[in-house]
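Undergrad: Here is what each chain is made of, one letter per residue.
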Amino acid sequence: MRDEIREIVLDYVIREYMEDQDEEITYDTALISGGFIDSFSMVSLKVFLETKYGIKLPDEAATPEAFDNVESITDLVIEFLNKK
Amino acid sequence: MAYSEKVRSTYQEQLQGLQEAGIFKIERYIHSVQDAEIEVEFPPGAPLKKVINICANNYLGLSSHPDVVAAAHVGLDDRGYGMSSVRFICGTQDIHKQLESKLTEFLGTEDTILFPSCMDANAGVFEAILNEQDVMICDRLVHASLIDGIRLCKAAQDSFKHSDMAHLEEKLILHADKRNKLVITDGVYSMDGDTAKLDEMVALCEKYDAMLLVDDSHSSGFIGRTGRGTHEKCGVVGKIDIITTTFGKALGGASGGCVSGRRELVELCRQKARPYLFSNTIAPPVVAGVLRVLDILSKTTERRDKLEKNANWWRQSLTDAGFVLQPGDTPIVPVMLFNAKLSQDFARDLFAEGVYAIGFFHPVVPQGKARIRTQISAAHEMHHLEKALAAFIKVGKKYDILGKTKKEITAMYGA
Numbered sequence: 005m006r007d008e009i010r011e012i013v014l015d016y017v018i019r020e021y022m023e024d025q026d027e028e029i030t031y032d033t034a035l036i037s038g039g040f041i042d043s044f045s046m047v048s049l050k051v052f053l054e055t056k057y058g059i060k061l062p063d064e065a066a067t068p069e070a071f072d073n074v075e076s077i078t079d080l081v082i083e084f085l086n087k088k
Numbered sequence: 154m155a156y157s158e159k160v161r162s163t164y165q166e167q168l169q170g171l172q173e174a175g176i177f178k179i180e181r182y183i184h185s186v187q188d189a190e191i192e193v194e195f196p197p198g199a200p201l202k203k204v205i206n207i208c209a210n211n212y213l214g215l216s217s218h219p220d221v222v223a224a225a226h227v228g229l230d231d232r233g234y235g236m237s238s239v240r241f242i243c244g245t246q247d248i249h250k251q252l253e254s255k256l257t258e259f260l261g262t263e264d265t266i267l268f269p270s271c272m273d274a275n276a277g278v279f280e281a282i283l284n285e286q287d288v289m290i291c292d293r294l295v296h297a298s299l300i301d302g303i304r305l306c307k308a309a310q311d312s313f314k315h316s317d318m319a320h321l322e323e324k325l326i327l328h329a330d331k332r333n334k335l336v337i338t339d340g341v342y343s344m345d346g347d348t349a350k351l352d353e354m355v356a357l358c359e360k361y362d363a364m365l366l367v368d369d370s371h372s373s374g375f376i377g378r379t380g381r382g383t384h385e386k387c388g389v390v391g392k393i394d395i396i397t398t399t400f401g402k403a404l405g406g407a408s409g410g411c412v413s414g415r416r417e418l419v420e421l422c423r424q425k426a427r428p429y430l431f432s433n434t435i436a437p438p439v440v441a442g443v444l445r446v447l448d449i450l451s452k453t454t455e456r457r458d459k460l461e462k463n464a465n466w467w468r469q470s471l472t473d474a475g476f477v478l479q480p481g482d483t484p485i486v487p488v489m490l491f492n493a494k495l496s497q498d499f500a501r502d503l504f505a506e507g508v509y510a511i512g513f514f515h516p517v518v519p520q521g522k523a524r525i526r527t528q529i530s531a532a533h534e535m536h537h538l539e540k541a542l543a544a545f546i547k548v549g550k551k552y553d554i555l556g557k558t559k560k561e562i563t564a565m566y567g568a
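Respectively, the protein sequence lines represent chains A and B.
When we follow my numbering, the leftmost residue of the first sequence carries the number 5, and every step to the right adds one.
When we follow my numbering, the leftmost residue of the second sequence carries the number 154, and every step to the right adds one.
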């Protein structure tokens, strides 16, 4: 399940945020602190995860740190899926 | 003592951090008026150096134009230095209302309200006209002042990829349930020099019943056939719901800004926008100066025509020389260097050659997209541009980047 979520998150991040096709990102690329996504644009990702997985991510959990790479986003999704 | 050594050290550490990260900003002291050539003291204490300025927002060369300076003198003599009041107490003169009316006419809108700056206009407009039932959808590269204004507003926030109309449409569909939708864009993007697709954005906004806000700070006075702005260039005059713009760039370069647009929205700003309510407006001499600027621009397109010619020559010449440029057709011409350190070294060497330009890198521009942003002016004569070009070519050869692609430059210097 983890691998599947990770793929879905990576695919969304690439489609939603990458402007240049030649920019390569991986599961551990620093998305926010690395300057690929500004914290302001995180909203789309949060809405996507909530809709896709039927979870509610409270503001205190959906932090720039938690959203900083695909691995940590995946951890967050699994954590909230388990709470369902 | 409240400001103990412990407190002081926390701030010293922050400043040290900025220096270590190479993002500590240092001012260059200019001893002349703002113009195509300026006298600069840099580093502090160094003898004055005369350099060609290609980093000012002085697009029309009006910052020290004799007619504008003379008009400001008259404004100072007739209406005084300051108002010592906010607008709604006793800070509104006849000339403030005249300027609002002239701007409405110039921009082709319904009404206008002045702000102390465009930063203040952008900080105040969203909170004044939107609430929790609404949504703001902004282009991801909009100016920092719009981002700050958006953050101050309780409406929902979302963004779309830069100039990506399909992505904007997805977002308009996603937020269909909101009471009011406001799409937010710059007219001309200050770091890339490209123009928003306002005609397509207007069509999408009409289709999905959304309003459109354009910050035209890097356009007002020179973009479009008669310099009205990006909406004129895109053929959508009268269809932009809110235009915010500054008088601190092409329109005289001093200070001040405005919100211009639909009557009700402007009136709500007059009633509710906090930077308008709680800060003095523009000082009388500046108001008189901007009025004169609008007079000049309403009579002739000579200056914007010269600017266009200069900018086209500059863009073509840099391309011919083998630089990688950010595509566009405005007087903002970014020379791409990709690597942050290279952008700083390049700017330093240009200064040694008598050309004043600034290297920008992350976080001002996206990671791996460091650049020298050049800005052309109607104040530039051909001999200025030729000298600046020669300096760019000399420094470009030193770093061996002429004729090289992005991939080749990043392979040499890193991203």
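Worth flagging that the hints you see were computed from the coordinates, not collected in a lab.
A couple of the hints might just be wrong.
[Stated by the list, open to error] Chain B is nowhere near these chain A residues, computed Cβ spacing over 12 Å in every case: (1) M22; (2) A34; (3) S45; (4) V51; (5) T67; (6) D79; (7) L85; (8) K87.
[As the list claims (entries may be wrong)] Under the rule of at most 30 Å between Cα atoms (straight-line distance), these lysine-lysine pairs were calculated in the DSS-like manner: (9) K203/B x K540/B; (10) K56/A x K331/B; (11) K50/A x K314/B; (12) K392/B x K88/A; (13) K392/B x K60/A; (14) K360/B x K50/A; (15) K331/B x K50/A; (16) K350/B x K50/A; (17) K392/B x K331/B; (18) K557/B x K60/A; (19) K540/B x K50/A; (20) K392/B x K56/A; (21) K307/B x K88/A; (22) K60/A x K314/B.
Beta carbons are placed, not taken as given, at the ideal position from N, Cα and C, and that holds for glycine.
Undergrad: Can you name, in rising order, the numbers of the hints this structure does not satisfy?
TA: 1, 2, 3, 4, 12, 13, 18, 19 and 20
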